[in-house]
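Novice: Here are the chains, one letter per residue:
2 protein chains.
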Amino acid sequence: MPPDPSRRSERSRRAILTAATELMHEVGYRRLTIEAIAARAGVGKQTIYRWWPSKGAVVLDGFLASVNATPDDLSLPDTGDVAADLRGVVRAIVAELADPKLSGTTRGLMIEMQEDAEFAGMVLDRLLGPQLRAIADRLRAAQRAGQLRADLDLSVAVELLVGPLYHRWLLRTAPLTEDYADTVTDLALRALVP
Amino acid sequence: MPPDPSRRSERSRRAILTAATELMHEVGYRRLTIEAIAARAGVGKQTIYRWWPSKGAVVLDGFLASVNATPDDLSLPDTGDVAADLRGVVRAIVAELADPKLSGTTRGLMIEMQEDAEFAGMVLDRLLGPQLRAIADRLRAAQRAGQLRADLDLSVAVELLVGPLYHRWLLRTAPLTEDYADTVTDLALRALVP
Numbered sequence: 001m002p003p004d005p006s007r008r009s010e011r012s013r014r015a016i017l018t019a020a021t022e023l024m025h026e027v028g029y030r031r032l033t034i035e036a037i038a039a040r041a042g043v044g045k046q047t048i049y050r051w052w053p054s055k056g057a058v059v060l061d062g063f064l065a066s067v068n069a070t071p072d073d074l075s076l077p078d079t080g081d082v083a084a085d086l087r088g089v090v091r092a093i094v095a096e097l098a099d100p101k102l103s104g105t106t107r108g109l110m111i112e113m114q115e116d117a118e119f120a121g122m123v124l125d126r127l128l129g130p131q132l133r134a135i136a137d138r139l140r141a142a143q144r145a146g147q148l149r150a151d152l153d154l155s156v157a158v159e160l161l162v163g164p165l166y167h168r169w170l171l172r173t174a175p176l177t178e179d180y181a182d183t184v185t186d187l188a189l190r191a192l193v194p
Numbered sequence: 001m002p003p004d005p006s007r008r009s010e011r012s013r014r015a016i017l018t019a020a021t022e023l024m025h026e027v028g029y030r031r032l033t034i035e036a037i038a039a040r041a042g043v044g045k046q047t048i049y050r051w052w053p054s055k056g057a058v059v060l061d062g063f064l065a066s067v068n069a070t071p072d073d074l075s076l077p078d079t080g081d082v083a084a085d086l087r088g089v090v091r092a093i094v095a096e097l098a099d100p101k102l103s104g105t106t107r108g109l110m111i112e113m114q115e116d117a118e119f120a121g122m123v124l125d126r127l128l129g130p131q132l133r134a135i136a137d138r139l140r141a142a143q144r145a146g147q148l149r150a151d152l153d154l155s156v157a158v159e160l161l162v163g164p165l166y167h168r169w170l171l172r173t174a175p176l177t178e179d180y181a182d183t184v185t186d187l188a189l190r191a192l193v194p
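Heads up: the protein sequence lines correspond to chains A and B, in order. Residue numbering for the first sequence follows full-length UniProt numbering, starting at 1 and increasing by one per position. Residue numbering for the second sequence follows full-length UniProt numbering, starting at 1 and increasing by one per position.
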């Protein structure tokens with residue numbers, strides 16, 4: 001029986017994503033090349049270019065495969081205590097940004113997003129947008145419960161919570177700690193409550 | 001009389017910075033090369049490498065030379081109305097980020113900052129740090145006047161004002177408008193007042 005081409009192709013796809021993720025951690029985004037990914041995955045460069053338009057697109061898919069999160073995993077707990085729930089998600093984002101491995105990949109994606117608006121749209125659709133919407137959903141529930149101001153622009157409210165974290169991380173102005181996460185949450189919440 | 005070598009060298013330095021800034025706007029950060037800067041400035045590549053360690057460093061100096069701001073220019077007006085003064089600076093930052101020319105250069109610097117922590121320190125020391133400190137100084141004056149909470153961490157308060165703007169700009173989540181600037185200022189201020 002001949003080998004099943006769709007299974008072989010799925011094996012190649014996984015090998016490429018694993019190679020991209022490993023190499024990303026080993027050499028960093030700048031020095032990562034499609035050639036090196038192809039060599040480690042045991043495929044030809046053309047195989048990669050058939051499925052992905054750019055280095056950034058492979059890294060994004062590798063990252064999504066490694067975190068393996070479904071939209072349900074992203075939704076915030078709703079304990080009824082909006083302050084506690086937001087503290088949790090802000091701490092989690094700060095921990096991700098402070099983690100050298102995760103942070104390296106996210107910096108790579110950020111670089112590509114600055115250079116390529118179309119790629120930025122892809123990252124937003126598939127990775128960052130769902131995360132931001134999950135926070136907006138939790139804020140909306142709190143708003144309906146009368147715990148947050150009724151006239152809030154929820155997309156700006158989300159930015160008030162996560163914008164400071166990204167600012168500190170991208171500009172490398174100061175360390176990202178759990179205390180810092182709580183300070184941001186508590187301060188931002190003051191703006192959001194009635 | 002022989003030509004004055006220090007004047008010739010100052011002329012070369014200016015020609016390099018002008019060429020870097022022009023080319024940055026014409027081809028973008030990714031496609032900008034030291035070779036092209038040297039060719040347009042009429043100098044050898046080695047002349048550039050003698051003065052600057054990297055492409056990012058030349059672009060940063062070109063940008064600083066083109067805005068030509070002194071630390072005094074950066075300080076915020078103090079009209080006594082902290083809300084009005086902050087609205088002004090937040091609108092100015094949003095206008096800069098929304099300007100395609102300025103924004104292109106800043107995206108280039110951001111890319112280099114993600115790839116190179118040492119360069120990030122340089123941009124922070126020479127460009128972004130002074131801007132952030134100017135906002136912190138205005139907040140401190142308002143705090144002393146009893147218009148803002150006494151227990152504020154001013155560096156976090158600054159991030160609450162500018163973090164959302166950078167988040168929206170870097171992640172390209174939504175347009176940067178004057179209305180948006182005012183929404184962020186008004187919301188952040190609610191967290192800062194007593």
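In case anyone wonders, no lab produced these hints; they're calculated from the structure. A couple of the hints might just be wrong.
[As the list claims (entries may be wrong)] Beta-carbon label-pair distances, calculated as ranges:
id	chain 1	residue 1	chain 2	residue 2	range
1	B	ALA141	A	PRO53	48 to 54 Å
2	B	LEU127	A	VAL193	32 to 38 Å
3	B	ARG30	A	ALA174	24 to 30 Å
4	A	SER9	B	ALA174	24 to 30 Å
5	A	ALA36	B	ASP73	19 to 25 Å
6	B	GLY129	A	THR79	36 to 42 Å
[As the list claims (entries may be wrong)] Pulled a few chain A residues facing chain B out of the computed Cβ check, cut under 8 Å:
id	residue
7	ASP151
8	SER155
9	ARG168
10	ALA174
[As the list claims (entries may be wrong)] To be clear about the criterion: a stretch of chain B counts as covered by chain A if any three or more of its residues have a C-beta under 8 Å from a C-beta of chain A, and this derived list gives those stretches:
id	segment
11	17 to 24
12	31 to 44
13	105 to 112
14	159 to 168
15	179 to 187
None of the values given here were measured: they were computed from a predicted structure. For each residue, glycine too, the CB sits at the ideal point set by N, CA and C.
Novice: Work down the list of hints and note, for each, if the structure agrees.
Specialist: Hint-by-hint comparison with the structure:
no.: 1; hint: B:ALA141 with A:PRO53: 48 to 54 Å; verdict: 51 Å, holds
no.: 2; hint: B:LEU127 with A:VAL193: 32 to 38 Å; verdict: 36 Å, holds
no.: 3; hint: B:ARG30 with A:ALA174: 24 to 30 Å; verdict: 29 Å, holds
no.: 4; hint: A:SER9 with B:ALA174: 24 to 30 Å; verdict: 38 Å, violated
no.: 5; hint: A:ALA36 with B:ASP73: 19 to 25 Å; verdict: 47 Å, violated
no.: 6; hint: B:GLY129 with A:THR79: 36 to 42 Å; verdict: 39 Å, holds
no.: 7; hint: ASP151; verdict: 10 Å, violated
no.: 8; hint: SER155; verdict: 7 Å, holds
no.: 9; hint: ARG168; verdict: 6 Å, holds
no.: 10; hint: ALA174; verdict: 7 Å, holds
no.: 11; hint: 17 to 24; verdict: violated (count 0)
no.: 12; hint: 31 to 44; verdict: violated (count 0)
no.: 13; hint: 105 to 112; verdict: holds (count 4)
no.: 14; hint: 159 to 168; verdict: holds (count 9)
no.: 15; hint: 179 to 187; verdict: holds (count 4)
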